[in-house]
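Taken in order, these protein sequences are the chains called H and P. All residue numbers for the first sequence refer to the numbering used here, where the first residue is 1 and numbers rise by one. All residue numbers for the second sequence refer to the numbering used here, where the first residue is 1001 and numbers rise by one.
Errors might be hidden in some of the hints.
Said to hold, decoys possible - 30 Å max Cα-Cα, derived DSS-like pairs, lysine-lysine:
#, chain 1, residue 1, chain 2, residue 2
1, H, Lys200, P, Lys1348
2, P, Lys1613, P, Lys1133
3, P, Lys1361, P, Lys1722
4, P, Lys1361, H, Lys200
To be verified - Now the in silico label distances, taken between C-beta atoms and shown as ranges:
#, chain 1, residue 1, chain 2, residue 2, range
5, H, Glu51, P, Lys1348, 48 to 54 Å
6, H, Ile262, P, Glu1859, 28 to 34 Å
7, P, His1777, H, Ser252, 38 to 44 Å
8, H, Tyr173, P, Ile1139, 49 to 55 Å
9, P, Asp1756, H, Lys200, 56 to 62 Å
10, H, Gly268, P, Lys1857, 31 to 37 Å
11, P, Thr1665, H, Arg88, 52 to 58 Å
12, P, Trp1670, H, Asn257, 56 to 62 Å
Calculated directly from the structure, the hints in this document are not laboratory data. For glycine and all other residues, C-beta sits at the position ideal for the given N, C-alpha and C.
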Amino acid sequence: MKYSMIVDINRCSVCYACVVACKNEHVGNPYPPYSYPQPDRDQEWIRLMEEEKGKYPYVKLYPIPVLCMHCNEAPCMEACPIPDCIYRTKEGAVIIDSTKCDGCKSCISACPYGVIFPNEDRNICQKCTLCMHRLEQGKEPACVEACPSGVFLWGEESGLEKEMKKREAMPLYREKGTKPRVYYVGLPTPTLAGHVIDGKSLMDMPGADVIITDTRGSSMRRKSNVAGNFSLDNLKMDTAYTVKIEHTGYLSKTIENVLLDIEYKHLGDIKLFKAS
Amino acid sequence: MENQQGNASQSDRVLINAMSSAFGSLAGGDNLLRAIKTEEMKEREKERVYSECTFGGAVLAHVKYDRVVKTAPLTIPENINQYKIEAKGKVFEPPRRCLMDMWAQAYRRWVYDTSRVRYPLKRVGWEPGGKGKYDNRGIAEFVRISWDEALELVAGEIKRIKEGYGNSAIAYLTHTTHTTWGTIHGMGTEYTVVPRFLNILGGYTEYVPGTSSWAGWVSGAAFMYGYWWANGTSEGVDSFADSLQNSRMVVYWGLDATKSTRMYLGHESEVWRHWVREAGIKTVMVSPEFNDTAVVHADRWVPVYPGSDAALAAAIMYVWVTEGTYDKNYVETHAVGFEKFRDYLLGKDDGVPKTPQWAEKICGVNPETTISLAREWAAGPTTLNCQLGGACRGWNGHEWTRMMVTLQTLQGLGKPGVNMVTWGTISGGAPFDKSVHVPGYSTGINPAANKLYSNPIPQRVHTLNISDCILKPPVKWKGGTTGAAYWWEEFFREYSYPVPGYSEIKMILRMGGGHFASYANVNWRAEAYLSPKVETTVMTALFMEPVMRYADIILPACTDFERNDYSMLGCGGLYIPYSGSANHQIAIYQQKCIEPLGQSMSDMDIFYHLARKMGIEDEFSEGNTEDDWIRKLFEKSTTAKFISYEDFKKKGHYIFPFPEKYEPTPPLRWFYEKGGGLATPSGKIEIYSRTIADFYGENHPEIPPVPKYLEPKDGPKSPQAKQYPLIGFFPHPKFRLHTMMENVSWLRELHKKRTDGREYEPFWINPVDAAARDIKHGDIAIVSSTKGKLLASAFVTERIIPGSIRIFYGAFWEPEDPRTPGSLDRGGSANVLASNEPMSYHAYLHRVEHMMVQVRKWEGQR
Ligand code: SF4
Ligand code: SF4
Ligand code: SF4
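Please model the complete structure; the sequences and the hints are all you need to start from.
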C-alpha cells in the first residue's frame, strides 16, 4: 500500500508545530531499520519555507512545508554509488539505509528539494523517513498528526487521487520531473488579485464576475468571494491583462493593460457603480 | 555560566550512543547486544506513557530508559461525547486530540536543556550577614554547594534579616511569567505556597507584578462593564458557537490570535478560526503587522500605526453616528453617557470632529477604508476578537480597550452574533459544561488548607518602580493593581515606599523566570540587583537565565515532568475558572515521569525544607505531603464524582464527556435581555464613567470620563521622536512564552539569524525604512531608544507598516558588560528598549508594547 499526501498551504497558519513535531519524534530517537537519531540541530527534515509575495499593504504569504517528496523517480537514489543504500519501501517511502551510507553526499547534491542533511559526526546522510516506524504501527507521520490546521491530507495514494484532481494539486518544483508523492494546493504562482466594492457605499461586493484576458485573447473567469475579494492564479509574468468586472445591476468596469510585473499583484479596491 | 549552546548534554550523548549502537547491531544482524541484555534493561527499555499538562497544553510523555523520549498528543476516545456546533448549514466538531503547539512539541528538549541548574549554587564572594563582596553580581561566578548548606544559608539569612530589620526587609518577587504548569507546584507555588511560607513567618514586602498582557483591559474596559475579576476581559464561554451561527463578520483587532492564544492550551482554538472561514464569515485584521492570524484568517488587512488604533475606532463610530447605523435602542436602554461620547465624536467639545480624514492623519488608514469597514461592521452582527495582549499593553491602552467596548456597545453587545472575545487563553469560547470545577494555579493549595495566612505587612513595591524603591527611596505612586480580582478603588489608592515604621528591602526572594526580559526597561531593572543595599538575593530557578547571574544563592527547581500535580487543561482557577478555550474538559493528574535532574527538587519541596529549617513545618504543611494536597484538592473538585483518586492517579487524566443535553449561555446575552446587572455603579455599560469623572474630573488629559484617542506622551509627536523616529512595537513572542523556551535550540534555529558564531534575534522592518538606512535582509543592526540599545538582525518584510519595527520581547538579555547599566545587549531583548513609565496617570500598569526607536546598520560602532 503506497501513501501520498496533499499539502494545502492555504490553510497553513505558520505555526511550526509540524517542524518541531519532527524533531520531537526523531531527535535522539533511533527507529531501526529506518533511521538513526536526528541530531539536536541543523537538520530540518521538514522545514517551513515562508514565501512572501506582493507589496505593502497587499501582502500574501505562502508558507510551504517542505519535506522529502519521496519521489517516484528519485535523483538521490540514482546518484547514490552504494548498491541498495537508498531504497523504496512498499509504502512508497524513500529511505537512506544508515548502515550502508558512508556520507559521500552524492545524494545531497542530486536532490532538488534540499531535504538531505549531512551528519558529520557519524559520516552519514539523513532525511525524512515518512515516519516509516509510525506507518508500521498504523499511525500517521508525526508532522501530519501535529498540524492543528488540517494542512496535510494524508492517505493511501489511490484514495487521494480524486481529491488531487479536484483541487488541482501539484508537486513543488514540478519542472524537476521527479514524480513526488507529496502534492501541494495553493503554491505560489503569478497571481492577480483585487477587492471589488460598491463605488457608492464602499461595501464589499461578493459574487462579481471577474474576467481577465491576455493579449492573445485567452481568458479566465472567477467570482469575487464573500468579502469581495478575487484572486486569479497560474498567470504569466510580464504579461499585460485586461480585467473586466461585472455584476448584475452595475455598470461593468474594464481595466486595460494590467502588467503582471510582480508575482502577487493586487489591484486594490475596485469600485463598481449602479447602472441607474 | 553553564554551556547554553544547546548541544546534547553529556548524558544525552551517552544515551544516544548506547541506543544507536544497539540499533547498529540489530540492523547488522549481530545479536550479541540482545543476548547480554539483563532483565532490568528490558524493563527500562519498555516505553511508558504518562499524562502531563504543560504551559503548551496537555500531552502524553513517553518514557524509555528513564528518559522522556517524546511528547505526544492526548487523544479523546470515540466513545466520549464531544461538542458539535451546527452553523450555516454545516456541522463542526473538534479533532479528537489535544492540539499541541511548538512548545509542547519541544517540551522534552526544554526539560533536558544543558542550561538546567542541577545543583544549589552560591555566588563567589557572597557571605551571609551582609559581609560579602558585591562587585561580581551579574558576572555569574558560582560555586556548587550542598542542599544542606544552601538551606542553612537561606534560612539563616531569613532569620537574620527578619530579626535585624523586620519582615518588611524581605521582598518576594514573582513574575507571572509561567515557570511550570501546576496547582501546588510551579505557578501554584508562586501564587500560594511561597506567600503562605512568608506569611507564617510574619509577612513580607509584596511585589506587584502587574499584568502586562491585559493592562488596558483592567484599567479601561473594566470601568465600563465590570469584569475586574477577569482582568477586564468579558465572558467568553459559548461565544464561539454564537458567532459561528449568527455573525456576519469577525474583526480581529490589535492581537495575533493564532500566535498568542497558545499559552496554557496549545492550538486548541486554532480550528475555530478555520471554521469561521469555512462558515463563510468574512474576516478583517486590524494591526500594524500582517501577522500569522492575518496570513490565513483575514480577508482584509487594515494596517494601523502601533498605538493609534483608538483613533480608527473613533472614526468608525463617527460614521455610525452620522449615518445613524448604530443600535439606538440598545444604547438608550443598556448604556449610560453616550451623549457625551457623541459630542466628542462630533467635535462639540474640542471643535475637532473625529472624521475618517482626522483619523487618517493619526493611524494612516485611508478614509474610504474606514468608511467601508464601518459600514460592513454595521451591516450585520459582528464579533470583535481583541481581548489579549497587543494594543492593550501599549500607549494609553485603556483608551483603546474602552473604544473596543464602545464599538460593540453601539452595535448591541450580547445580541446574537455581537460578541467581544479572544477565543483562547482566559476568554474561553467553546461550549463548556459549567458544572465542572477543578482548582488551578491562582488558588493553588488554598482550597485544601485548614488555615490560610494573610500578610500583615502593608509595604509593597511595584514592578514599575522596584529599582527606584531600592536605589532612590522614598517613592510615591498611585494605583498598583495586578489586574485579576482587583476592584476599581485599587486605581485610586496611594502608596509610598518605604512605609513609615517599616524597613527597606534587604533581601530578595525570587521565583519564576524572566524578570528581566519579560518586563520593561531591563537596564534599570538590573541596576537594582547590583546594589549592596540588597544584602542577599535568593532565586529558585530551572535554568541559568540572565537574571540568575544576579543571584547570591540559586536553588534548583524541577520541571512539570519531575513531580506530581493536579490541574485542568487551560484552567487557572479563580480568574480563569473555566477551561473554556479547550475543546475538551480534561482533568489531569500530572504524573511524575522522571526523577528530578541533578539535585533539583520541586518548588514546593524547596519550601518544605525551608519551613523545616525555620521551625514552621507544622503550620506550613498541616501534616500534608504532596500526595495529601493533591488528594484533598481532588476531593473538592468535580472529578471526584466520576473516578476514584487511585484510578485517576493511575490513569493520569479524566475527560469529562460533553453533556448530552446542553443549554448554551452566550456571553452577555443575559445582559442584552435584562439591560442591567453589570458590576458598574449603574449596572449598565458606562460609556461615560462617573467613577472616573469623580476622581479625575471632567477633563483630565490622561484619563477622560469618556474614551478618547489621546496622543501618546512619548509617541511619534513627542520631542524624542526626532532622535528616535520609528515606532517600535514589542508583542508577545511566537517562539517562546515570555522568556520560557528561549534556551531551546530546536526553536532558536527556526527564527534566529546565525552569523559570526552568534545567534541574533530578528526584527521586522519595512523595505522602505530598511532602504533609507541602507539595511539589507539579514544585516545586523543596532536598535536604540532612550532606555537602551541592542543588536538584532533585520528581517525586511512587506508584512509591517512603514515607519515601524517589530521585535518580539523575551529574548535573553546578553549585555556586553552586565555590570554597566545601558551596555549594548547582544541578545536583542526588546524590553531593553521599553519604558517603565506607567501607562498613564490613571493606570499604574505596563505599557511595554510601544516605544520610539531608531535603527542603524551595525558596523561595530556602539
Ligand atoms: S526529495 Fe530529494 S531526498 Fe527525497 S526522494 Fe526526492 S530526491 Fe530523494
Ligand atoms: S514524515 Fe516523519 S520524518 Fe518526515 S518530515 Fe514528517 S515527521 Fe519528519
Ligand atoms: S503544523 Fe500545519 S499550520 Fe502549522 S506550520 Fe505546519 S503545516 Fe502550517
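Next item on the list: Return holds or violated for the Cβ distance of Thr1665/P and Arg88/H against the range 52 to 58 Å.
Entry: 56 Å, holds
Check: Does the Cβ distance between Trp1670/P and Asn257/H fall inside 56 to 62 Å?
Finding: 58 Å, holds
Notebook entry, point to check: When you check the alpha-carbon spacing of Lys1361/P and Lys1722/P, does it fall within 30 Å?
Noted result: Between Lys1361/P and Lys1722/P the Cα gap is close to 18 Å, so the pair holds against 30 Å.
Next item on the list: Given the range 31 to 37 Å, decide if the beta-carbon distance of Gly268/H to Lys1857/P lies inside it.
Entry: 33 Å, holds
Item checked: Cβ separation of Tyr173/H and Ile1139/P, checked against the hinted range 49 to 55 Å -> 52 Å, holds
Notebook entry, point to check: Does the Cβ-Cβ separation between Asp1756/P and Lys200/H fall within 56 to 62 Å?
Noted result: Cβ of Asp1756/P to Cβ of Lys200/H: about 58 Å, so the range 56 to 62 Å holds.
Next item on the list: May I ask you to test the hint 28 to 34 Å on the CB atoms belonging to Ile262/H and Glu1859/P?
Entry: 32 Å, holds
Notebook entry, point to check: How does the Cβ-Cβ distance of Glu51/H and Lys1348/P compare with 48 to 54 Å: does it lie in that range?
Noted result: With a Cβ separation near 51 Å, Glu51/H and Lys1348/P satisfy 48 to 54 Å, so the hint holds.
Item checked: Holds or violated: Lys1613/P to Lys1133/P, with C-alpha atoms at most 30 Å apart -> Distance ~26 Å between Lys1613/P and Lys1133/P Cα, so the pair holds.
Next item on the list: Given the hint that Lys200/H pairs with Lys1348/P, test it: the Cα-Cα distance must not exceed 30 Å.
Entry: OK: Lys200/H and Lys1348/P at ~28 Å, within 30 Å.
Check: Is it true that the C-beta distance of His1777/P to Ser252/H lies inside 38 to 44 Å, as the hint says?
Finding: 42 Å, holds
Next item on the list: Starting from Lys1361/P, check that the Cα of Lys200/H is at most 30 Å away, please.
Entry: 23 Å, holds
Figure legend: structure checked against the earlier numbered hints; every hint is met.
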